[in-house]
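Visitor: Respectively, the protein sequence lines represent chains A and B. In terms of my numbering, the first sequence has 18 at position 18, counting the first letter as 1, and numbering is strictly consecutive. Every number in my numbering is 363 more than the matching position in the second sequence, counting from 1.
If you're looking for bench data, these hints aren't it; they were derived computationally from the structure. Treat the hints with care, as some may be off.
SDA-like mimics (lysine to any residue), calculated; alpha carbons at most 25 Å apart, straight line [unchecked claim]: (1) K592(B) / P89(A); (2) K487(B) / G87(A); (3) K592(B) / F20(A); (4) K487(B) / P89(A); (5) K592(B) / Q279(A); (6) K592(B) / H128(A); (7) K592(B) / F161(A); (8) K592(B) / V491(B); (9) K592(B) / T177(A); (10) K487(B) / G75(A); (11) K592(B) / G118(A); (12) K487(B) / F20(A); (13) K592(B) / I130(A); (14) K592(B) / P113(A); (15) K592(B) / P90(A); (16) K592(B) / L70(A); (17) K487(B) / H128(A); (18) K592(B) / G155(A); (19) K302(A) / R313(A); (20) K631(B) / N370(B); (21) K592(B) / P179(A); (22) K487(B) / T88(A); (23) K487(B) / E72(A); (24) K592(B) / R69(A); (25) K487(B) / L70(A); (26) K207(A) / I9(A); (27) K592(B) / I9(A); (28) K592(B) / R114(A); (29) K592(B) / R156(A); (30) K592(B) / I71(A); (31) K207(A) / R577(B); (32) K487(B) / G23(A); (33) K487(B) / R69(A); (34) K487(B) / E91(A); (35) K487(B) / K207(A); (36) K207(A) / Q165(A); (37) K592(B) / E135(A); (38) K592(B) / A119(A).
These numbers come from a predicted model, not from an experiment.
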Amino acid sequence: MTADASTDIILDARNLTRYFGGGYRFPFGEMPLIRAVDGVSLSVRRGETFAIVGESGCGKSTLARLILRLIEPTGGSVRFEGREITGTPPEAMRRLRRDMQIIFQDPFGSLNPRMTVGALIGEPLSVHGIASGRERDARVREMLRLVGLRPDHAGRYPHEFSGGQRQRIGIARALATRPRLLIGDEPVSALDVSIRAQVINLLEDLKAQLGLTLILVAHDLAVIRHTSDRIAVMYLGEIVEIADRDSLFETPRHPYTRSLIDAIPVPVPGARAARTLLQGDPPSPAAPPPGCRFHTRCVYAKDICRTDRPALRDIASGHRVACHLAGELQAHTLPAALETVSAARQRRVALFAGAQGIPASNA
Amino acid sequence: MWSLILNRILVAVPTLLLVTLFVFALQRLLPGDPLLTMAGEERDPAVLEHLRHLYGFDRPLPVQFVIWLREVAAGNFGASLRTGEPVLKLIGQTLPVTVQLATASILIAMLIGIPMGVLSAVRKGSWVDYLANIISLTGLSIPHFWLGIILILVVSVELQWLPASGYASVFDDPVRALQTTIMPAFVLGSGLAATLMRHTRSAMLEVLGLDYIRTARAKGLLPRAVILKHAFRNALVPIVTLSTLLFGQLLAGAVLTEQVFTIPGFGKLIVDAVFNRDYGVVQGVVLCTAIAFIGLNLFADVLYILTNPRMRS
Chain A
1 MTADASTDII
11 LDARNLTRYF
21 GGGYRFPFGE
31 MPLIRAVDGV
41 SLSVRRGETF
51 AIVGESGCGK
61 STLARLILRL
71 IEPTGGSVRF
81 EGREITGTPP
91 EAMRRLRRDM
101 QIIFQDPFGS
111 LNPRMTVGAL
121 IGEPLSVHGI
131 ASGRERDARV
141 REMLRLVGLR
151 PDHAGRYPHE
161 FSGGQRQRIG
171 IARALATRPR
181 LLIGDEPVSA
191 LDVSIRAQVI
201 NLLEDLKAQL
211 GLTLILVAHD
221 LAVIRHTSDR
231 IAVMYLGEIV
241 EIADRDSLFE
251 TPRHPYTRSL
261 IDAIPVPVPG
271 ARAARTLLQG
281 DPPSPAAPPP
291 GCRFHTRCVY
301 AKDICRTDRP
311 ALRDIASGHR
321 VACHLAGELQ
331 AHTLPAALET
341 VSAARQRRVA
351 LFAGAQGIPA
361 SNA
Chain B
364 MWSLILNRIL
374 VAVPTLLLVT
384 LFVFALQRLL
394 PGDPLLTMAG
404 EERDPAVLEH
414 LRHLYGFDRP
424 LPVQFVIWLR
434 EVAAGNFGAS
444 LRTGEPVLKL
454 IGQTLPVTVQ
464 LATASILIAM
474 LIGIPMGVLS
484 AVRKGSWVDY
494 LANIISLTGL
504 SIPHFWLGII
514 LILVVSVELQ
524 WLPASGYASV
534 FDDPVRALQT
544 TIMPAFVLGS
554 GLAATLMRHT
564 RSAMLEVLGL
574 DYIRTARAKG
584 LLPRAVILKH
594 AFRNALVPIV
604 TLSTLLFGQL
614 LAGAVLTEQV
624 FTIPGFGKLI
634 VDAVFNRDYG
644 VVQGVVLCTA
654 IAFIGLNLFA
664 DVLYILTNPR
674 MRS
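One chain only, chain B, in its complex shape (with noise of 0.2 Å):
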């Protein structure tokens, strides 16, 4: 198993190369120059020359990439161009923000799913598999963001149960931290339900029909034994494997959700980053989520091999 973690470490670095060289790319290729406001009214031509090559921006795109691998491989990430704030707090503020968010709407998915999934898979044909499905169908087609805004519509203006916006940690204020996740974590777990729930019956509909289900029943097993036991056990993996990767989504994905709740999270600040063409902000973001998602990968993969006895050596 060490070789395997050693394995993907070393298959990481160029993959990481590669995204960030395509992000830098991109960025490049916009129009719009972050230097020209900086410049100030006048954009006068000597100011604009001092300012780039203060930045370096007069060097060759290559020599630029070069040099920031080189300062990111140091441990420097820079400073944001608009705010003159370095990346690397910029990132340290949103990313528990948006850990929190995501954290809670995989919990909500999880438990919204997979029960649902496994129900549906054990009563396949009956009104429990069609309501499931009607229930996942209609979740997956609800777009997030139309959700939240009759979520915020109902539960807040109406009812005046929740807060319409806001964040706060669960570590510092617990109780106010779920007053302003639930809703958001809500909205986005409702979402992955349904495609968890979808995978989860899939995989229980295959082991339910495999040879040692059978044998379990004929053991004499309560059936309530050899779903979860037997069944569940072995149609984990699969679902595990995608509530990891669905998880490393929700880091770089919510997006839309964030700006509907306004949470000050991951998601807003890469979407401010890129308006602003604020290259360092969003190239350090890019390689964060890039190494989060690497490393989630990396976890399901030794959650697989920890839980499956035959790939243990």
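Looking at chain A on its own, in the form it has when it is part of the complex (with noise of 0.2 Å):
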């Protein structure tokens, strides 16, 4: 991932850490230093599509934040368009947040309950001098039929509104300034199964209709499988895998990847046998294991897993693993186990099409 000249990178992060507690807390006595976001560095490149993907608790909301400096970071620097935001005043960091915006994971409380739905989208516009008066509710009414609403939405409550509805009400908020930089904190995880792709496609939409660059952050990689350019891995705080999304998908490098990869539902029956699920719970952020952090749940652990840190390299073009055994370890092949079909399945197929009658082969 080292950018060459040409290519426009819109955001830089170079790393970034943010640890929350520690300190000596009367009468708690010490408390545990979580350290959320450990020293990760990221460049986003403009107009792409990059995730962030990784378990519940591995820092990627945290990530997001301090992206959008919505939390302060305790180190490292983001660049937004070459321009330094850590250390930027609050006004002026106010009036950036136009062209950076984000969209949440809960539709439901992310949404000021007593205002109505034209006052959620068009309250930016004000604030940044965008539109006033007619001009905003003209845009307002513009934002909700671009998001696939009815312009006579605006005058309602959000409760008003289905879980999909309020995430599109919440991404027509996040586009009112016309940003150039959106992120996702999780915005389809909230929501039914079955409107996650109508509102994962209509931000694929909006994208390519804007001139968006998008930050997607998923728990896991169904999601964004289809919809990513590149694909950041988090592990408990740190980047373990980075990698463009053919390469991660065909040959992941980091053991994390793929146990994640292998735990994408697959279609077919019998699969399920031949994977191997990650098991156990991830480390506590408060005490995370020494060398390295994946080390306890890593079935290719040895001895210099257990005491060194694995930095992450460059492996493959454009592809950055941090594992000492990624280059020992054979390119990963996809579960074989899909052609391969169990005697019992066969038997239960050639039952159903004796009865269908039907050659056995077709069922």
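Assemble the dimeric complex from its two separately framed chains, guided by the hints.
Guide: Encoded structure:
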């Protein structure tokens, strides 16, 4: 991911760190230090869809908020369009928010229940002096139409909408100021599975239409498999692998990435058996294991993994991984079991075919 | 919403019945007979008997209660046993006094308590928060009557800035009304300000932790707009409800302060009536207070509905 001069980097994070807690607090004594985000560096190219993936509690949402400076980093820097934003004074930061917006995970809690949808979407327009009065109303209606809602919905309150509709409102609100960078912090994980695709497709369409750069945060690879250009995998506050989408799915190098890919539901009976699923819970970020943070759950772990912390290194063009064994481990092959069919299944299929009077091979 | 109001009024009837029954029974359990003083030095049994019959005290208690209820339903609250003045007239004289004091007190409480609560929530853990906590705890801990006495000593006796006692209606003499009301109102308001501050603080902290506050910040709103427009407006509901209930308490509970500042209000009326076993007055006053309290509760509920889009149908 070494950016050559020709690529246009819209967002560049260096060594971003955020700790929570720590210190002595009377009368509770020493508070545990939570390393939510621990030295994350990444670059996002203008116009791409960049995905950040990891389990619950791996720090991906914290990272998203750090990028927008909705929370202050403990250390590190973020540059947006070449401009350092970590030290930006509040007023300038406030104006910058026009260009970088976020969609939150919870479509229910993230909309002020006392404001009409029109007021919610229109508020950023007046705050940033983009439009007011009738012009603002027109813009609000246009935004509602853009996300597939009816313009006359502007007078309603958030509670009158379903989850999917509310998330559309959230998208309209985020896009009202015509930002150049849009972060989706698990934008669909609170939605019914049946409408996730709708919202993701909407985001993709809008991205193409408005020339956005999209950062998607997700907790599984299934959601972002078809939409992202590049993917960063996070584990316990660190990026363990970062690669182009195809490269990551075809040759995942980090054992953790492999288990995430294996966790994607495969719509083929019998395929489940061949998958190696991750066991146990991630260790507490208050007491991360020494060495490689993944070694406690890694089936390949060796002695070096327990003592030395692996650095993120280039393993192929545009493919970086933080694993001591990335070079030694064979390129991962997708579950071979997809093709092999169990004897029991063959029997069932034959029975079914017999009953239906069709050749078993077609069933 | 109209169904709620109707519903409340229907529920209010048994509540008021219970309250009056309770007060009626308690009063009659108290030792002492108001007629003894009326019967004069000799306490002639014949005179006593005559008086008892005249006031209906020779009838069984349940019958007395029902008679009282019937009269009240017809709008007749009876007269004071001591002075012979109609109960309604006494209430009409004292209620405006107490309402004026209570209004001034709640205004002072809100002016002090709400900004202090908002500030300490926004600056949680800072010296502002600690200072606000210390002030509010002090306000809660100081007895009203003591604060009143000290204020009279300092402001009236030593500095001679304000009159120590008395009353004037805002409508008759606004200047004098302000002079006589501000000290007792401050005494009552300072205690309530502490309660209001604590509630405002916790309501604000709760709202400030919600997702849509983060949304508002992400929009690029001014911090002031986030706090006032998004957080405070949503935190206002419990604050308004509490203020209304506190106001109800003030109507009935300013007894000590009214004594200290010799204000001829509701509290003074009821205390005097209880000491004199002035049955009719006590019952009338309690009934009025209960009606006011229920009315204020309903008012708070209606406000809650009006300010909450989810409750509007």
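Visitor: Which hint numbers doesn't this structure obey?
Guide: As far as the earlier hints go, 3, 5, 17, 20, 27 and 35 are violated by this structure, in ascending order.
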